[in-house]
Structure formats: C-alpha cells, structure tokens
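> Chain residues, written in single-letter form:
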Amino acid sequence: MTASVPTPATVPAQAHATAALSLGDDALVLSHRLGEWAGHAPVLEEEVALANIALDLLGQARVLLSLVGDEDELAYLREERAFRNVQLVEQPNGDFAHTIARQLYFSVYQQLLYEQLAADAGSPFAPIAAKAVKEVAYHRDHAEHWTLRLGDGTPESHSRMQRALDALWRFTGELFEPVEGLSVDRDALRDGWLTTVTDAIRRATLTLPDGPQIGAWTAGAGRQGIHTEPFGRMLAEMQHLHRSHPGATW
Amino acid sequence: MVTTPEGATVSRLEEELLALAGSVPDPELPVLTLAELGVVRGLRITDSGRVEVELTPTYTGCPAIEAMSADIERVLNEQGQAEVTVRTVLSPPWSTDDITAEGRRKLEEFGIAPPGPTGAKGPVMVGLAIRCPHCGSTDTTLLSRFSSTACKALRRCEACREPFDHFKEL
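Those sequence lines, one after another, are chains A and B. If you're matching positions, the first sequence starts at 142 in this note's numbering and goes up one per residue. If you're matching positions, the second sequence starts at 2 in this note's numbering and goes up one per residue.
So here's chain A without its partners, still in its complex pose (with noise of 0.2 Å):
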C-alpha cells in the first residue's frame, strides 16, 4: 500500500472516525477471507472472480481507513479488540456455499448501506459510497446467481447451501444494529435487506432461515471489538509479516 489514495477533503469527528473504521473493517475483513481462496476456488473462473471482489474490498477498505489514519498501521498492527467490523464478514470460509451464503447477506446489507449514503450529500461517506455502490452491484449479482445455482441444482449443493445460510444466519442482526457516526435509516435498511435475500432464497428454492438473527451473547458485539474466535487466527495470518518485518517494502 503507498501513496496514491484519496486524500480526506477534512479530518473526520470522531463519531465519523468509529464509522469509518466499521465500514473499512468489514471491507479489510472480507477481503481477506475472500482472499483465501486464492488457489483453492472450485474453478479458475470463480477464483479469479473471488479475488476481483476481494480487490473491489481492499481499495473501499483503503480509502475508508485512511480517513481515520494510517492504512497500513490500522490494518496490521491493531488488536483484535480495536477491529470494528460485524462477526459475519470474519466467519471462515467454510465450503463454497458457505462463502456464497456470507457474500450473499454481505453484499445485500452493503448495497444498500451504500445507496443511502451515496444519497445523503452532507456524509463524508457519500464520494466513497457512491462509487463503491456501483462496484457492489456486481457482488451482489454475482452472489444471487450463485446461490441460485446451488439451491436450485443437485440434491448435495442445495442442502449445502441451505446449512450455509442457516449457520450463518445468527450474525446477520448485527447488521441492522446503530454504527456511531453513521446517519441511517436502519428500518429501511432491514426491510430491504431481509426482502432481497428471501426473495433470492425463495426463487433458489431454498427456505428462510427462523432462527434468531442475533446469538444470545454476541449482540453488536463485533462492532464493539469482541470477535469470534476465528478472527484471532485470521489476523495472525494477515498481520505476522508485516509485525515480523516493520516497514518491509519490495
């Protein structure tokens, strides 16, 4: 990472800075994950798909993060409880359908978080959110078509897909949960959020998952530092060279 990103046009308050640094780490988060499958997907074409969407996500992280500071440091060398990001975008990839339910939920609830923040002129948010959207158009497509395919295609990636939205379902509350500093309309917000994905699900025929959309003890918790236990191990694995050798370049 150097030089070339978008210089703040003002230094954000610190309400804006909390926001930014949630935006940027779901962003920052998500695409490591996606990045993991870099020499894994289940085909080449997916694989470099993948890593577009991982791409998209890193330059959207770049530019939230350096709102509120130095990219490289905020990304390398905080601890896990200083990361804002919601649980649902540090969950393992777990199969392919896993990955894709994530996408799926994710891309929905950024959508349309950006539609609003693009729409509202007065957010710091709206240059960036306005330009991301139309990136994250094309994540969503790409993930409703894929859970199409999977829910509507053999009898094994169906179940496959449905005990991935099923498992996951439980973080996705936390996505409708207030953010300091960020001016939305969070009924909006979940009503359109929750009319995409059952409409996606139903046409995949698969079915909505009942559970609870929060789990008993993890209610907004990502937002405020507390993290489930595999992110502790994806931030080893994203942060040891940059700790091991400091101000590294190639």
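Keep in mind the hints are simulated off the structure, nothing from the lab. Glycine included, each C-beta is placed from N, C-alpha and C at the ideal position. Where hints are given, some of them may not hold.
To be verified - Label-pair restraints from in silico Cβ distances:
id, chain 1, residue 1, chain 2, residue 2, range
1, B, Glu103, A, Arg343, 44 to 54 Å
2, B, Glu53, A, Pro371, 44 to 54 Å
3, B, Gly120, A, Glu221, 36 to 46 Å
4, B, Glu163, A, Asn234, 32 to 42 Å
5, A, Ser324, B, Ala20, 41 to 51 Å
6, B, Cys136, A, Gly373, 53 to 63 Å
7, A, Gly235, B, Gly120, 35 to 45 Å
8, A, Gly210, B, Gly120, 30 to 40 Å
9, A, Gly180, B, Gln80, 37 to 47 Å
Dock chain B against chain A, hints included.
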C-alpha cells in the same frame, strides 16, 4: 487563456500539459490513452509553479492507479515540469460512460467488447445484447462475471466459439 464553464481560466501551457497527461497509455489496456478512458479530471499550475493533476480510479481498488500516477509524473517531468503532484479524486464517480467514442472503437478493435450505456437502472441490470468483437454476432453467453480484471466479464461467442472479454458497464 480560455475560460472553462466554471469560470476558471486555463492557460495554454495547462492545456498542453493536460493533453500530454491524457496521452499516457493505460497500463493494463495500452491501446487506450488515459484521456480516452476518461480518468484524467483536470490539471492546473499553482502560483508556486507546481503542476497538480486530478486523476480518478475506474474501480476503487484498481491497482493500475499507481502506475498511472507514476507515468503522468514521468511525462510531465520529461517536459520540464519539476514539481508534479497527482491527486486521486473519487467524486463524481467514474463511469464507463466516460470512455470516449474513440476509446470504445479501440477496445473493440483490441478484442474487448466495449461497455454499453449504463442507463438509469444501475450497472448490472443492462440487458442489451453484447456483440462479439471478433465476428460481430450478438449471440454471446456470459461465462464469468469477473474476468482478468474486475472491470471485465468473460463471455463466449456462440457463433464463432471464441471467448472474449467484455468491459462491464459501471
């Protein structure tokens, strides 16, 4: 001196340097210049004589932006401009509609189906037929939504059976 619609005056030197910056080839699609891609937003010379160029990325995470900045600095340095700053701007967001007609022609000639108009419904929902850049048939099928770069999709022509890249609408 000429006056822009915003009322600012642009010197002849600024015009010349802008044209020069715009003539830099895109690092990933060298058939296109940055002006044809529509990513050079403006150029001005400050009172202290520094040249400031505004550049916008195609995609937020496009890694080519750093090579573009370096290339612009280099050509302007070679032209005798010692102090050059390339600033990245996001707003208004770049769109494939910013690619010039000549840029589209060159893309097609290069074997990449150019993007259609983005329209009001957003980037993904454009349903227009995409023409094979090799044989011109519109009987083409989407193979993958993301190709060698995020800005392209991979398609196959059902008439000539050749695969080809399509520059996606954004």
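> Next, verify each hint and record whether it holds.
Evaluation of the provided hints:
Remark: the range hint 44 to 54 Å for glutamate 103(B) to arginine 343(A) is upheld by a beta-carbon distance near 46 Å. At roughly 45 Å, the beta carbons of glutamate 53(B) and proline 371(A) sit within the given window of 44 to 54 Å. Checked against the hint of 36 to 46 Å, the pair glycine 120(B) and glutamate 221(A) passes, with Cβ atoms roughly 44 Å apart. For glutamate 163(B) and asparagine 234(A), the Cβ-Cβ distance of about 34 Å falls inside the hinted range of 32 to 42 Å, so the restraint holds.
At about 43 Å, the beta-carbon gap between serine 324(A) and alanine 20(B) stays in the expected band of 41 to 51 Å. Cysteine 136(B) and glycine 373(A) have their C-beta atoms about 54 Å apart, which keeps the hinted 53 to 63 Å range intact. Take glycine 235(A) and glycine 120(B): their Cβ atoms lie about 37 Å apart, and the range 35 to 45 Å holds. In this structure the supplied range 30 to 40 Å holds for glycine 210(A) paired with glycine 120(B), their Cβ-Cβ distance being about 39 Å.
About 44 Å separates the C-beta atoms of glycine 180(A) and glutamine 80(B), a value consistent with the hinted range of 37 to 47 Å.
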